[in-house]
Each structure stands twice: as structure tokens, then as C-alpha cells.
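Enquirer: Chain by chain, the residues:
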Amino acid sequence: MADFKWKYLFNVEIAIDSLPFILEGAWQTILIALVSLVFALILGLFVALARMNRFIGLSLPARLFISFMRGTPLLVMLFILYFGFPMIGIEMQPLTAAIIGISIHFSAYTAEIIRSAISSVSKGQWEAAETLRMSYWQTMTRIILPQATRIALPPLSSTFMDIIKGTSLAMVITVSEMFYRAKVVVGQTYESLTLYILVALIYWSICILVTLLQDYLEKKANRYVTA
Amino acid sequence: MIKVENLSKQFKQVEVLKSISLEIKKGEVVSIIGPSGSGKTTLLRCLNLLETPSGGSLQINNVHVSFTGKTPSKKQKVDVRQFSGMVFQHFHLFPHKTVIDNIIEAPLVVQKRNKQELVREAEGLLEKVGLLEHKNQFPEQLSGGQKQRAAIARILALKPDLLLFDEPTSALDPELVGEVLTVIQELALEGQTMVIVTHEMDFAREVSDRVVFIADGHIVEQGKPEDIFTAPREERTKKFLQKVLLKRA
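Those sequence lines, one after another, are chains F and Y.
Residue numbers 1 to 227, in the UniProt record's numbering, belong to the letters of the first sequence in order.
Residue numbers 1 to 249, in the UniProt record's numbering, belong to the letters of the second sequence in order.
There may be inaccurate statements among the hints.
To be verified - Calculated pairs, DSSO-like style, for lysine-lysine (alpha carbon to alpha carbon, straight line, at most 30 Å):
#1 Y:135 x Y:115
#2 F:123 x Y:239
#3 Y:224 x F:123
#4 Y:224 x Y:18
#5 Y:115 x F:220
#6 Y:239 x Y:3
As the list claims (entries may be wrong) - Residues from chain Y shown here face chain F by an in silico Cβ test under 8 Å; the list is partial:
#7 72
#8 90
#9 119
Keep in mind that the hints were calculated from the coordinates and are not lab data.
Since this is a predicted model, take the numbers as computed values, not measurements.
Every residue gets a Cβ at the ideal spot worked out from N, C-alpha and C, and that includes glycine.
So that you can see chain Y by itself, here it is in the shape it has in the complex (with noise of 0.2 Å):
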């Protein structure tokens, strides 16, 4: 579904990401993990070219874009998106529009699709994230784990091929963690395509199908949760998980 070759990232004189290569299979669930600063979220980002890779290519379904330093087209960004959504750590909710407002409001001005079928539609999706009772309330009335409900159930009205999720619950009361997950779960259990980058150990291992460790803008190593968590080949590997799973204990 969606594959990066040799993807490069540099701020000025940093560089962020150093040559990243992942595939990633259509149904499959991938979490990075890894300390900040490695270059996960950058990572995340230039998946849907919200950020510019230095260099590199990029390719989903069937567009392929390569990276030469210049900023991409209005063209190859839209083609590239049309396969993706996101989700912030900090949700970005449009706040001057109700739940179900901030639901349909894509579908009805890009897609230009019928209202009260999007009406629909957007009710069944809060009724999933279990929302529905919210929908008429503006965001700023709803809880940090039901805002990023709402984005989620937001980006999934366009139905994307992939979703993107950037510490989905790294801005959350601790209360409110488990919610959101449930709902991302439920959707990896869907066969929903995800790449998660998180902080949240026990989480990515119940959940992935994958975990990529990244480091200094690396990928350290990858490989099934299983062998990851609980036999991680590489001694940077090994650090990082030593210092979280000791933070927790």
C-alpha cells in the first residue's frame, strides 16, 4: 500500500531522518516507537506530505512521488492525501463547528457529497467512537480522550486507505487514554491499514502487526511486537526499552 525508499528529512543543518525504507501492507498495522527526538512524528508526516522529505520517494497505491529538495506540486500533494488522513496529538478540531459539523464538513465541501446522507454516515461513525450524544456540542464542551474521538471519527468520514496517527494520546489526561485506544483497536480489528507512532508501550504491542524502532533517524530494528518487546536484537534497542519499561514500574 504504501512504500518509502531511502526517505530523508533535514531541518537546516540537521538531519532528521537519514535514508528510511518501509513498506507497509494493505490491512497492516505498524507502530513506531522510539525516544523523542528520533524522527518518529517527521517520519509520520512526510507520509502525507505534510512535511517535505529531502529526498527519497514515496510511493502509495499507485502515485509515486520522488524527493529532490523542492517542495511537491498542489498535484502530487492532493493525490498523495487522497489515500491518507491524520491524526494530531492535539486533534485539531475545528471549533467554531459542532462534532457532527466537523464530521461532515470535508465529505460536503471536497467531495460535495448529499448532507443528509453525510448526516447519516457521520451519526453511525459517532455511534462507533460513541459519541452520538455529543454530536450538536462544540469541542471545547468535550473531554480531551472525546475530541480525539471526534478527529478520528472525523478523518474516517473520508474513508481513507490509511491512517495516520501522530501520539495520539500523548496530550491526554492518563484517564483517558484507555477510550481512545479501544476505538484504534477496533479499528485495526476492521483491517484498517494504520501507522501509529506512540509512546505507548503495552498499547503498540497488543495492537501492531509490526513495531519499527527508530533512533537518531534510523530505523533501528523492526520485527513482530513479540520479538521486539520482549527480544530486541540490538543494544540501542534494548536501552530504550529498558528505560520506559523501568519509568513505568
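Next up, chain F with everything else stripped away, as it sits in the complex (with noise of 0.2 Å):
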């Protein structure tokens, strides 16, 4: 222990000064993971929805997807759209790649997560809806659905931090996002360890807050329920 490098551990002055570059790139990090989770949320209810129906025309496929997005890895999915989409003359922007790979990845999960919260609101709502005249949209949207989203906000939560740390995958598609602008600092400093503790703080903050949100949306679901 006597070669410790004590001073390599945290360097204070260091994490102050790239401070405001790296928070810039947090603030990229928590757009694309905001973006990206709204796009898995509509995705993934549109997937759960083909996935629960009769027809097999929708729910194979449906379960097709969520069976290739779940098993692969989301950093061969953003391989393929940012390095491999241009072969067949589709180019995008690194962003547009990112924000298009993740949401279309993390819509599988959120597509289980949607479809498991409709199953276990009770057959009985769907009735009682039926011969009170409702349509299938109307009880979906007014019945079913602010039912499921009780259930399925702490699973969520976990995925949309999932999503957050999942960003950090795009630095390799050159989005400069948080952990690619980390990369940038050690580059120029090679204060490696200080740099990605810094960012690791940061990522644990972000999802701190997503914790807190999560506290406060699950009191109002839950503000009809008393047991």
C-alpha cells in the first residue's frame, strides 16, 4: 500500500474546473434519455397493444420485436444504425441515431411492462365498461389504462433509469454526450479515476431525482387505493 496514489484518487481542482463541461453533456445525457424514454413509452403501448391481440397478423410480429429488441444488445443496435444503415444509403445524424436506437430497444421492455399492467386490471372493468356503452378506445383510455399506470410506475422508473445509462453507449456513435465529454477530459488530463467517479456521481444524481419523481407520481396513483 505504500505506492497508493492518494492524490490520483479525487482530484478536487480537476472535477471543478471540467465541471461545467461535463454538466453541459448531462444536460445532452437527460434530453436524449427524456426523448428517447416518451418514444419507448408510445412504441412500446403500440407493441403491447399488438401483442395482447387476437389476430395473429399483429400480435406475432409484436412479439417478434420484443423478442429480437430484447435480445439484442443495444450497442450492436446503434452499430448498426449510425455504421451500418449508411451501406444501404440511409445516413443519420449521431443524435438521431441514438435517440432512434435506444427508444426502439428500451420499447420492448416498456412494451412487457405495459402489457402486464393491462392483464391484471380485472376482467370486470372491461365489462362493466361494455354495458355501460363504452368503446374500446374510451375504456382503454379512461378505464384501463390510468388503472395500469399504477402498476406499472415502479417498473417503469427502473427502465427509464436504464434508458439514463444507457446514453453513455452513444459516445461511441460520437454523441457528445456526458460520458463521451468524461473521455474528452482525460484525454487532455489523464486524470482518469477523478473524471469517471465525477460522472458516476453525476449518472447516481440524475437517477436520485427519478427516484423522487417516481415517490411523487406514485402517491397520486395511489391516492384512491387505501389498503
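Reconstruct the complex from the two isolated chains, following the hints.
Expert: Dropping the structure here:
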């Protein structure tokens, strides 16, 4: 332990100096994560509905989509979109590729969460709405989804955290999000440990905010449940 | 008002309803009694197409549907249900909506009616079922009897010509049964056409114009409550009544 280099563990000066540059990247990270979450939720809802449809022409493609997306690494998906697609004439900005890749990858997870949440709402709710002459969409949007949301909130928060952490992979396709910027600073200062600990703490902080948001939303969603 | 002819229902290999014919006139209150598993609830659910009959036909007001084993079209379901309403054994109130929001929901989104007007009407209905002071509570905060009364108010908001009750008191604690039956009784006095599947024999006797006894998917016998309960003609009916009335003694 004699040659343990304490001074390289966390260089406060370097950390503070590089903070504005890193935080700008953190903003990018949050933006990519939020946009991807919204797309993943919308796409996930439709995939879930297709997966639950009795018509095999809808449910089978949905099953295949979920299986493929869950069975392939996000990193590979990003490479296909950014480095592979130009081969067939489809070129996109790094940011676009990152958002598309992250959204479709995680939509498979949100689809499964949404599907299980919808199935957990009792069949009686559908029957009651049916006899009250409500249509499928009226029932889905006004009766089923509000109840399913309550059940889906905790697993969706976990997925959101996975999305936030997953954005760090976008650095390999040159998106200047937080982790990419940390690498840049390391290249200039050689303070690798300091910078990586710094971004680790910032990722953690963002996820703590998500937890707080989850607590708030859960309280709101649970207001009609007494037990 | 409603007429079924040769209605049958098969679940996989089991024939639950075997050629049931039944006609109910406007203003009539008909109770369906019978042992569990006899097909009472299935028959009731066939009347508003929550179950699809395997054969026979159904006519309600001017709507006529024949069954050939296929699922009825959306339009047929809508047409049949425009006249009827259902009250369930387990209420099925919308738990995320307050009592009053449960009641105005369907007229608001289905009939697109004016909200203020609906709230006024809903308050009238809640007063009628004795729940006005609970209008802003969520279903979970209510007792079973209150929930069922709220469910009745909810379906009344659509002013159905025909009300179907599927064992409306079977999920209730004994001391809460009375308050629900009172509400149903009031509806009977107002001339509401109703079909009630029930195990409450005293109630069936008191409220009904006609009692239908079903066993093994058949209508074994039907008639005025006095006749069915005091002088049943069929052996099957006698046995059943003996059993349920003995259990109570």
C-alpha cells in the first residue's frame, strides 16, 4: 500500500474545472433519455396492444419485435443504425441514431411492462365499461390505462434509469453526451479516475431525481387506494 | 320488450343452456332462480351479449339478432346494449374515479352530454340510492352495500329500458343485503323492467311478477311467485326449494 497514489483518487481541482463542460454533457444525457423515454412509451404501448391482439397478424410481429429487441445488445443496435445503415444509403446524425436506437431497444421492455399492467386490471372493468356502452378506445384510455399506470410506475421508473445509463453507449457513435465528454477531458488531463468517478456521481444523482419523481407519481396514482 | 327463442350456449363440450325461450314484457320484474351451475348467470349475460349464445335468437325492442356460433358484430352488440344495463355481483365500479364521476362517466363520454346537467342528474340518482353524502369518495372507501348502490346509480344514469341484475347481493355481508334490495324494490315500484338472478328467495317472492326456475340449462317451470314457492308443480323445483328453505330454517 506504500505506493497507493492518494492524490490521483479524486483531483478536486480538475473536477471543478471540468464540471461546466461535463454538466453540459449531462444536459445532453437527460435530453436524450427523456426523448427516448417518450418514444419508448408510445411505441411500447402500441407494441403491447398488438401483442395482446387476438389477430395473429398483429400479435406475432409484436412478439418477434420484443424478442429481437430484448435479445440484442443496445450497443450492437447503435452500430447497425450509425455504421451499418449508410451501406444501404440511410445516413443519420449521431444524435438521431442514438435516440432511435435507444427508443426502439427500450420500447420492447416498456411494451412488456405495459402489457402486464393492462392484463392486471380485472376483466370486470372491461365488462362494466362494455355494458355502459363505452367503446374499446374509451375503455382503454379512460378506465384501463389510468389503473394500469399505477401498476406500471415502479417497473417503468427502473426502465427509465436503464435508459439514462444506456445513453452513455451513445459515446461510441460520437454523441457528445456526458460520458463522451468525460473521455475528452481524460484525454487532455490523464485524470481518468477523477473524471469517471465524477460522471458516476452525476449519473447517480440523476437517478436519485428519478426515484423522487417516482415517489411523487406513485403517491398521486395511489390516492384512490386505501389499503 | 325482450324475447329469446331457443337460446343455447355451449362452452367447449358443455351445454350450459339448452334451448331457452323466454319473453319479458315492459314493466315486468322477473327473477331467475335455480341451483348453482344451472346456467342462470349465463342466460343473463347472453341477454346483453356479454356471452355469445351458440344458437337461437334474441329480440330486444326492435333489434333482432340470430346466433349461429359466430361472435356478434360490434354494431349488433351496440344495438342490443342501447336498451339494457347490467348490475354485477362484484359491482365493478371504476376504482380510480369518485362515486359521482363513476356515474357521469358513460353519459359524458358515450352520449357526450353536458357535464353540469349530468352532475345534477347524478346527484338526484345518488339521493335516490342514499349515497349523496358519499359522492366525492372513492369506491374503496365504501362498504359493499354502498358500492352496489353506487353501481345501480351508475347504470341508471343511462336510463336503460331493461335492467339485468347478476346476483346483486351475493358478494355482500348479510347485514348489507337489505339496503340493496330496498333500492331494487323501489325501482320495481317505478315500473322498471328487470331481470334478477338471485339466491334471495324471500326477495324474489316479494319483488317479482314472475319467477323462472332453471336447472341444468332448462327452464323447469315458471309462474307467479306465490305458485312457484307454495305450489311448485315439478319435482325438480320442489327439491330445490326444499333444500334452500331448509338451509335457512
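Enquirer: State for each hint whether it applies.
Expert: Against the structure, the hints:
no.	hint	in the structure
1	Y:135 x Y:115	holds (15 Å)
2	F:123 x Y:239	violated (35 Å)
3	Y:224 x F:123	violated (36 Å)
4	Y:224 x Y:18	holds (23 Å)
5	Y:115 x F:220	holds (25 Å)
6	Y:239 x Y:3	holds (29 Å)
7	72	violated (12 Å)
8	90	holds (6 Å)
9	119	violated (17 Å)
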